[in-house]
Amino acid sequence: MKKIKVMITLCLLLLSGCSASNEIVDELALISAIGFDLTDDNKLQGTITVPNFQSDKTVTTEVFTETGTLIQEIEAKLNSEANQPLAIGKLEVILYNEKVAKQGIRKMKDVFVRDPSVGSRARMAVVEGNTKDVLTREYWTHGAGLYLAEMFDQNFINGRMPQSNIHLFTFALYSKGMDPFLPLVSVGKMVKINQIALFKEDKYVGKLPEDKTFTFHAMKDNFQDATYMIKKEQGEVSAAVNNIMSTRTVDFGENIKDPKITINIRLEGILREFKTEEEVDKQKVNKIEKQMEDQMEQEAKEIIQTLQELNVDPLGLGNKYRGLNRNFDEKKWDEMYKDLDITANVNVIIREFGIRR
Amino acid sequence: MGKHVPDYFKISPFLTFFLITAVQVGVGILSFQSIIVEPAGYDAWISIIIASIGVHILIFMMYKILNQEEHKDIFDIQTMLFGKWIGKSLGVITCVYFLLMSFVALRLYIEIIQVWMFPQISLLVVGTVFLLLVLYIINGGFKVIAGICFLGVVIPLYLILTLIFPLEFAYYDNLKPVLNHSVIELLLSAQKMTLSYLGFSTLFVYYPFLKEPKKTQKFAHFGVAFTTFLYVSTAIVSFLFYDEEQIKTVIWPTLGIWKIIEMPFVERFEYIGISSWTLVILPNITLTLWASSRGMKRMFNVNQRKTLIVYAIIIITVMLTVRGFDNIDKISELVTRFGFYYVFVYIPVLCIIHFIFQKVRESK
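Heads up: the sequence lines are chains G and V, in that order.
By our numbering, the letter at position 74 of the first sequence is numbered 74, and the numbering carries on one by one without gaps.
By our numbering, the letter at position 169 of the second sequence is numbered 169, and the numbering carries on one by one without gaps.
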């Protein structure tokens, strides 16, 4: 009797493994990046890259492209081309072409949020030009997906780009007092992540150019480790400040009903390179500090103007305001936002200028 | 009836702490956030504390009744107060309630496994393996069950560290302004929250198994306080992590939080989390199933092992016949609503009736 019991238990425990489907990593095509374009007849075109690991440690990238109206439809079509079942669990990068992003990407993001196997850290970006072009390039020995993922990450960590991923985008999309933004990838000789794509709801409405990215980041988040270029009037770079630590606070003024918003930015950095014949001394440093403050405040002014013209609030000022105002009304805020008095107040402190006099 | 539980079957007073916490924390903690934010928004963490105070009062009442009737459990007390027929009918209802509770816990856990890990996994196989384990534990007696409850709290406790990772994306303005909802909204949330505290009424059944039962009251209160701590910290971290509108669209916010965790050795943490959750669910099912079969034994003198086998067959059959997630949700809602009335209406009423009974008995 006891033996039978043991046998039954063993059978149940061991055989239960057979009921789950066999999904072995080596026998799956793990999608690492996915891109969406529009074809000429307004159909959605999906491009995926699958890294193919070779025995000599190099990675070749397989690219598949199909068109369709639903993402699942594209995936089904792609599966009929791939030699191994496609799996989405290691998805790192999701790219949207500008035209696709202009039509709204809520549905196209929802597919990935709904799927439990996609991580919340998957990076999203808008591409100026064809995403297929970005995904089919050669990136040394890396696969396209992995290369792009690492490129995004190092720009986030070093403060050149405000952090964004699928979770943060969803957060901002649902949030009452914030609009989403995404990195904007420009395609030239090299693929660069250097601009900001602004969204109203889920639609791409405008962008901030490369030289505004730093100031935008400083207005949005605290960060460290970035570099800022100070320009003379002619647009030529005259000095560079490194290892910047930036903190920001938002002040709504005394009357909460009629807010006067000041974004206080405090930057601490190190001066490393400057284009001048003179010796560096305290006075000179003070002058550079002042120059940087003026330049950033000017840029901030232009950024705020762009944001208010487009009526988008990627800085999350609405959320801050909701936190202070008990009778927050989303509609009222939306109407108010365009004409709000928003200024940036930048305070630059240069801590040192290297190990030479 | 009337036979006392021998001393060598009894457990140390401090284990009450684990019995209470183990049965309260279950599948609920994976999904309670999106339910409680509906009335009170992000002030709902206050409602968790309000609900907890309610549970503390109920535990106090339960001890008030039980302490005066040494060596007796709910089934004896009900027959004593209401007579044989009504008492036993109430007892059967209690047993069915506990049985349904264990069914819901098991079914919801398997649903999570199906949605998150293995969509094709067979209900029959997982259910049978799980129930075999549960029957095996109950077969070892109440001491073993208490031991499983202890392990079911201590081992998964490391999961509390996972609440640190999502703070990378914490948005602290989410919680402000505090107390921006009316008292009624807070209470509505608190009512939804009580569902996550259910299960502590099993204390009515295992009370005779406690050594020096009067001393266990403080451990029971500690147990509820610890559960509250777990719920409040989970809720606050999720509130910082999700936007208020966003969290309403998420079915399992706690599992969603785990999705953001990335470690060098594991790409996605929720697989480890869900697997570890087996140890949280196990004492849940074990204790309620034991309480239900114990009731049958106390009232009708049937063999507990035979009852359990019948129970297991019932659970498997119901599981295989009731398909579709909305039907399961309906059952679970029914059980939790019944549980709410059982706990918040029946226990106070029982306490009052018992108090009157006591006075009458004394005056005689």
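Just so you know, the hints here were simulated from the structure itself, not pulled from any lab data.
Keep in mind that a hint or two might mislead.
Stated by the list, open to error - Examples of chain V residues toward chain G, derived with CB under 8 Å:
id, residue
1, Q114
2, E245
3, K259
4, I260
5, F265
6, R268
We put the beta carbon where it would ideally sit given N, CA and C, even for glycine.
Under 8 Å is the threshold here; is the Cβ of V/R268 close enough to any Cβ of chain G for the hint to stand? holds, 6 Å
Quick check on V/Q114 please, does its C-beta sit within 8 Å of some C-beta on chain G? violated, 11 Å
Taking the closest Cβ pair, is V/E245 under 8 Å from chain G? holds, 4 Å
Would you check whether V/K259 satisfies its interface hint, that is, whether its CB is within less than 8 Å of any CB in chain G? Check passed: Cβ of V/K259 comes within 4 Å of chain G, closer than 8 Å.
So, V/F265 near chain G? Judge it on the closest CB pair being under 8 Å. Because about 14 Å separates V/F265 from the closest Cβ in chain G, which is outside the 8 Å limit, the hint is violated.
Does V/I260 meet its interface restraint, that is, does its C-beta lie within less than 8 Å of any C-beta in chain G? Since chain G brings a Cβ to about 4 Å from V/I260, closer than 8 Å, the hint holds.
Against the hints set out earlier in the document, violations occur for numbers 1, 5.
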